[in-house]
Amino acid sequence: MTPDRGKIHALIGVLALTGLVACAPTKPPVDQLNAAAGALETARSVGAGEFAAADLNAAAREYDAAQAAQARGDYDAAAHLAMQSQADGELAAARARRVQASQAVDKLTNANATLQSDLSSNPPTSAEDQP
Amino acid sequence: MNRVVKNGVVLAVALLAAGVAQARNDEYQRLLDRFNAVATDPRLADHAQGAMDRARQSLAALKEARRGDRDAWAYVTERRIDAAQAVAEAELLETRRAQLQRENDKLQVAVAKRDAEQARAELERERLQAQIRAEEADAARRDAEVARAEGEQAQQAAQAARAEADQAKRMAAAQAKAAALARKEAELEAAVNGKPAKPAAKAAKTPAKTVKKKPAGH
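Order-wise, the sequence lines are chains A and V. Using the numbering used here, the first residue of the first sequence is number 1, and each one after it goes up by one. Using the numbering used here, the first residue of the second sequence is number 1001, and each one after it goes up by one.
Pulled out of the complex, with its shape left as it was, chain A reads as follows:
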């Protein structure tokens, strides 16, 4: 065995050990799953089912996949999927909030235009009543 070959074998050994450590089973990602469930619930409660359905569905799918991964003992995958589910749930809630705010702005803009038009076509007698 040449010195170079010995070094290569040592390097391979270190890498293999690192890989084993990296792939070693971790504990169940209970906190991540709970956070994902909470984000899903929040998203549903703010109307994401109506206003951000795609994001909410993605979050729900990932949550289901996270639970399945946990059930089969793949805790890393479960943790990753739970993180992704939480992020999608939060995104669904944010987008639902934005859509609702946008709709409210549109509705009020139209309502104000109608009122303004009404006042212009049929103005108050006294000038002080003008808004």
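No false leads were mixed into what you were given.
In silico EDC-like cross-links for lysine to aspartate or glutamate, where the CA-CA straight-line distance does not exceed 16 Å:
| # | chain 1 | residue 1 | chain 2 | residue 2 |
| --- | --- | --- | --- | --- |
| 1 | A | K107 | V | E1103 |
| 2 | V | K1106 | A | D118 |
| 3 | A | K107 | V | D1105 |
| 4 | A | K27 | A | D76 |
| 5 | V | K1063 | V | E1027 |
| 6 | V | K1063 | V | E1078 |
| 7 | V | K1063 | V | D1033 |
| 8 | A | K107 | V | E1094 |
| 9 | V | K1113 | A | D118 |
| 10 | V | K1063 | V | D1026 |
| 11 | A | K27 | A | D74 |
These are computed hints drawn from the structure, not numbers from a lab. Since the structure is predicted, the reported quantities are computational estimates derived from the model, not experimental observations.
Given the coordinates of chain A, assemble chain V onto it according to the supplied hints.
Same frame as chain A, now just chain V:
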């Protein structure tokens, strides 16, 4: 030859590692650029501080993540940047909505005031019209009363005139009868005394007095 192969393997591994590292850096840099674009957007910069902090933390986690965690952190980071942008835009829209709501409140008040003013004016017009109608009705009633009273007076005058005429007729008839009796008396007296009959008695000659009609309305 062995040396050449060994060098080739080392070079390939080095290139692969460099490529992977470059890809990791590219992904990180792309997300960092996206984050900075949102964070430095003058419209959004003051909004969604909490969501921006979470996106920033995800970026830091992505930078330090193990290879096995990188994809998950990249996914999460991208979603959190999207969420931060959505929250910031939602806050901006909510500010706009509040402003529009205040305008709406003012417009509603203006419309309500105008409607009330117009309703008051309409009510006043109707009140004046009702007053005019009532005054016209009073005048008509008074005119009718006057006309009725005048009619009654005319009727009474006509009745009085009729009664006076009847009285005159009766007096004329009585005078004629008196004159006829006087003539007859004179004729009888003449026959008794053998003298021709005298002209009719004074009463017979005197024509019946005509009764002057009183003017109507008294």
